[in-house]
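Asks: Read off the chains here:
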Amino acid sequence: MLLGLSKANKPTTIAGMKRVRAVFPIFSIFLLLSLLILFFFQNPLTNVLQIITLPIQKWAFIASTKPVVLTPQQQLQQENNQLRARLAQMQEIQKDNQALHDQFLITSPPPQQLLPADIIGTQQNALLIDKGTADHVRVGNIVVVKNNIIGKIAKSTPHIALVLLLSDPSTSFTAVTAKTGIHGIVKTLANGTVVFGNVVLSDKLAVNDIIVTKGDQNLQGIGYPPGLIVGKIVSIDKQASSLFQSGEIRSLVDVSRLRMVFVKTQ
Amino acid sequence: MIILLLVLLLISVFFEGTVTTLPLVFICLVCLTIRMRSSAVFFIAFLAGIFLDTFALRPIGVTSIFLLTAVLLILLYQRKYEINSYPFVFIASFLGSFLYLLIFTYQNIFMMAGLSAVIAVLLFAIIRLISNQFSLFHFEN
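Heads up: the protein sequence lines correspond to chains A and B, in order. Residue numbering for the first sequence follows the working numbering, starting at 18 and increasing by one per position. Residue numbering for the second sequence follows the working numbering, starting at 954 and increasing by one per position.
Hints are computed from structural coordinates only; laboratory data are not their basis. Note that the structure is predicted; figures quoted are calculated from it, not measured. You can take every hint at face value.
Computed footprint of chain A on chain B; a stretch qualifies when at least three of its residues, placed anywhere within it, have a C-beta under 8 angstroms from a C-beta of chain A: (1) 964-971; (2) 989-1001; (3) 1006-1015; (4) 1023-1029.
Just so you know, even glycine gets a beta-carbon here, dropped at the ideal spot from N, CA and C.
Work out the full structure: start from the sequences and follow the hints.
Replies: Quick look at the structure:
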């Protein structure tokens, strides 16, 4: 007797017997239907269902998230982060000028390549946005807010796309510090902590250093463009016995408060 | 009671697809299966799975297959043993949620499965309480 439960009475009525026997045929019908949809009718059904569910998803997401009200301390923190980001940008521009690029006004990424998208849902380490392949959003496109990197498109359907955040353990790309140009790799640990690692011990990392992407794009333009802000270093792990040092990165953007992001399309 | 559970199921589909990663739909479906104990639950599980896949951007049909199988197992189990009990609700919810979170590759599986089981038991208790109060009211009248 499993779980110490009493045996159920067998159905004594004919209707009860028929009901019990009907379980397998009905289950088989719906299972077959599910398999048919899974293997043969994915795309058309996805298209139709997303058109119907997208407004509901947007409403449900807005209804379930609290409006953003910042305390004076949080406002100051946000302003501080914005100023740090602006300072990092200025330092990047200064470097480019020194490399004889001062005749170009550098904005990263260019506004004409940015597609605004509303956030319609959240998953573990991911966001759902209301733009998809119908809007030329492709897997691998980068998602930003101002010039802060938020994540990358991991899945794209006709009207909805999945944005994998930096906190996902599959994240890995090359980056540099904005001030001193120290090279390293941004990786995410299993617990969601983003670290700037593989930095040689001789380089001097400092708390509050801004980390920007180095640039990892392929010939099709897919990948991380250079100059996007990843975050700032909040703690450093440096031990003389290790080969490399690393720093924990905290993003300048609070993803939980976002309503809209921008997809860098080609 | 069944209408209440259906409304809760509908709300769960919206919230599981947009805000939370807890398997709320599975929890509601377990309670619904225990209350209804009929093959009609298969249709509800199928529909819920389809919409959940649309919201969560999974291949459409995957969640339906999982939910249909879960409902089948519960209905087969209830042929031999009593399912209208707290231990069954807790263990079925825990195991089902654990498998669900494992298959769809979520993190903190144990903790979330445990929390789901607790929520399932609470929901089952509330449904039972309301049902008893309702039966008592009808009996007195």
